[in-house]
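Residue numbers (the numbering used here), protein chains in the order written: chain P, 1 to 255; chain U, 1001 to 1309.
No lab work stands behind these hints, which were simulated from the structure alone.
These numbers come from a predicted model, not from an experiment.
Ideal Cβ positions, reconstructed from N, Cα and C, are used throughout, including at glycine.
There could be a bad hint or two in this list.
Cβ-to-Cβ under 8 Å is the rule here; a few derived chain P residues that face chain U [stated by the list, open to error]:
1) Ala6
2) Met10
3) Thr82
4) Asp253
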Amino acid sequence: MRRVLAIALMTFTEAVRDRVLYTILVFALAMIGSSAVLVTISVGGEGRIVKDLGLACITLFGLFIAVFIGIRLVSREIERRTVLLLLSRPVGCGAFLVGKFIGLALTLLVNVGAMALGLVLLARMLEGEWTPPLLLAGGFAFLELTILTAFSILFATFSTPTLSTVFTLLVFVIGRLSRDLVAFASQFDSLSLHVTASAIYYTLPNLSRFTLGSLGAGGPLPSEATLLLTAAYGLGYLTAVLALATAIFQRRDFQ
Amino acid sequence: MDAIRCQGVCKDYRVGFWRRRVRILHDLELTVRAGETFGYLGPNGAGKTTTIKILLGLLHPTAGCAWLCGRDASRPEARAAAGYLPETPTFYDYLTGEEFLAFMARLAGLARSVAREQIPALLDRVGLSGAGSRQLRKYSKGMLQRIGMAQALLGNPALVILDEPMSGLDPIGRKEIRDIMVSLRKEGRTVFFSSHIIPDVEMLCDRVGILLGGRLARVGRLDELLGTEIDSVEVTLAGLPPEAAATDGALAPPLVQGDRVQLRLRAEAEVDALLRRTLAAGGRILSVVPHRRTLEEIFLAEVAERGRR
Ligand SMILES: Nc1ncnc2c1ncn2[C@@H]1O[C@H](COP(=O)(O)OP(=O)(O)O)[C@@H](O)[C@H]1O
Ligand SMILES: [Mg+2]
Chain P
1 MRRVLAIALM TFTEAVRDRV LYTILVFALA MIGSSAVLVT ISVGGEGRIV KDLGLACITL
61 FGLFIAVFIG IRLVSREIER RTVLLLLSRP VGCGAFLVGK FIGLALTLLV NVGAMALGLV
121 LLARMLEGEW TPPLLLAGGF AFLELTILTA FSILFATFST PTLSTVFTLL VFVIGRLSRD
181 LVAFASQFDS LSLHVTASAI YYTLPNLSRF TLGSLGAGGP LPSEATLLLT AAYGLGYLTA
241 VLALATAIFQ RRDFQ
Chain U
1001 MDAIRCQGVC KDYRVGFWRR RVRILHDLEL TVRAGETFGY LGPNGAGKTT TIKILLGLLH
1061 PTAGCAWLCG RDASRPEARA AAGYLPETPT FYDYLTGEEF LAFMARLAGL ARSVAREQIP
1121 ALLDRVGLSG AGSRQLRKYS KGMLQRIGMA QALLGNPALV ILDEPMSGLD PIGRKEIRDI
1181 MVSLRKEGRT VFFSSHIIPD VEMLCDRVGI LLGGRLARVG RLDELLGTEI DSVEVTLAGL
1241 PPEAAATDGA LAPPLVQGDR VQLRLRAEAE VDALLRRTLA AGGRILSVVP HRRTLEEIFL
1301 AEVAERGRR
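Can you make the complete structure from the sequences, with help from the hints?
In C-alpha cells form, the structure reads like this:
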C-alpha cells in the first residue's frame, strides 16, 4: 500500500508540474467566466443556464485532463522506460496501475473541485443564494471522469497515445449516448440492431447516469437510493476496468 | 544459494508484417553464485539486455525459468533483494535527484528514516552530493548514469544487476563506476553486469559469460578462460635484413617498418635462436614481450568461429 501511495503521489506531483494542466485549467475557468458574462448580457443573469453550462464545462475540461494528462503520464512511463525502474522493484503491475490511477484521480479532484467551487461562487453572485446540489453534481461529474481515467489507463497499457485518446473519447461519446442508442434501436425491429445496441449498453459504461438531470433548472434531486446505486455502479465499473488493465499489463513485455 | 539461475531460458520475438517468430535467446543455462562479480559479455544485439530483463521479470521467457536469489523471477517479491540499473536510463524530468531517490526508496520498501540516512550517503558515493536538489532534466548523461547507480544501490541489495553501466561515459566516469563495482565486491555483494567493452570485464570479474547470437558460448573463471601459460612472444629487432629474421616459428608474416622488424613467435625456444642469430648478424634487439591470451582474443576467436559455422 505504501508503494501504491508513493506512485500516486509521484503521479500527482508530475501532473501538477506539467504545464498542460495549467493551460487546461486556465482555459476552463476562462470559459466558465466568459459564459457567465455572455449569459448575463444576453438573457439578463439567468443563473440556471450558467449552472448547466458550468457543469458541462467541468465535464468537458475534466475530460481533457483525464484523457490528455492520463494517457500522457502512463504512456510516457512506458515509452521512456521509467516503468522498468518501477517494476524492477518489488512492485506488482496492479500496484503500479492503481497508483497511477489514484494520482490522476487526485489531480482531477483538485481541478474539478476548483472548478465546482468557482461555479458555486458564480451562481451565488448571480442568484444571491447558495446551491449545494451543484457540489453534488460536481461529485458525480468527478466519478464519471474517474471512470474515463480508468479507461485511458486501460488503453494506454496496450496501444499508442493517439489511439488511446481516440478510444477514450469514443467511450465518452458512446457512454453518454448508450441509453439513447438502445431507445433508438428499439424503434426498429431488427434483431441484430437490438443485440448490438444492448451489447454496447451493457459493456460500455452508461455515463448518462452520472449527469444529475436538470439540476440547473431547479429540478428535484434523484432519490438517495438512486444516488447511492449510481455511486456503487461507478466504483464497481472503475474497479473492473482497472482489473482488466492489470491483467493486460501483466502479460505485457517491457522493451 | 545461487544469486541468479537461468534454466533453459528461450525468448522469441515476433517481427515484421507477418509476425514471424525469431529466437533471440537459445536455451540459456546460467548460474551466478552469491558474492561473485559476473561479467556478461557480448557484442551489440547478442541478447544481454533481453536476458537481464527476463531476470527482472520485465520480459516473459518463451520457455524456461529464471530465479533471483532462489525466487521465481516472474514474481515481484523476487526483486526485493535486487537493484537494477537499466541500459541508457531515463528518469522523471521534473523530480530532483533527492526526490527521485526518496521515491525509489519508498518503492523498495525502505522505512523513511533509513531512506533519509541512505540518500545523502549514496549521492556522495556516486559523486553527486552537490546536485541532489537539482531537477533531473538538468543532469548530464554521466550524472544520470550515476543517479541510476545510486538508485540501484538503495536498500543495500545483495544482488546488483547493471546493464552496460559504463557505456557512454568518459574515462573518469568509467573509472568511478568501476571503483564502485570493486567496492561492491569487497562488501560481498553479487554483481551481474553486461558489457561489450572487454577491458572493463577483464579488470573486474571473477567469472565471465560470453554471449554470441543469443547462445552462451563460454562461461568460466577468467584465469580458466585465459590460461596462465605464455601464448606467444612478440620480438622487435632492428638493423637486420628481413630474410635473416625469417623463422619457422613465426605465427604471422613479419611486420617491417624502416629497419625495424616485428615478429610474433610461438615458443620460447625459437625466441632464443632468433635472438642469437640477430646478435650474430650485428642487429639490435629492441623488445621481447611475452603475450598471454586476452579475453579479446578468445572473444574474437569465438565470434570468428560462429561466423564460419
Ligand atoms: N521488441 C523486439 N522485437 C524484435 N526483436 C527485438 C526486440 N527487442 C530486441 N530485439 C532483438 O533482440 C536482439 C537482442 O537484443 P538485446 O538483448 O537488446 O541485445 P544486447 O543488449 O546484447 O545489445 C537484437 O538482435 C534485437 O534486434
Ligand atoms: Mg543491451
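Problem set entry | Non-conforming hints, listed in increasing numerical order | When the structure is compared with the hints, none of them turns out to be violated.
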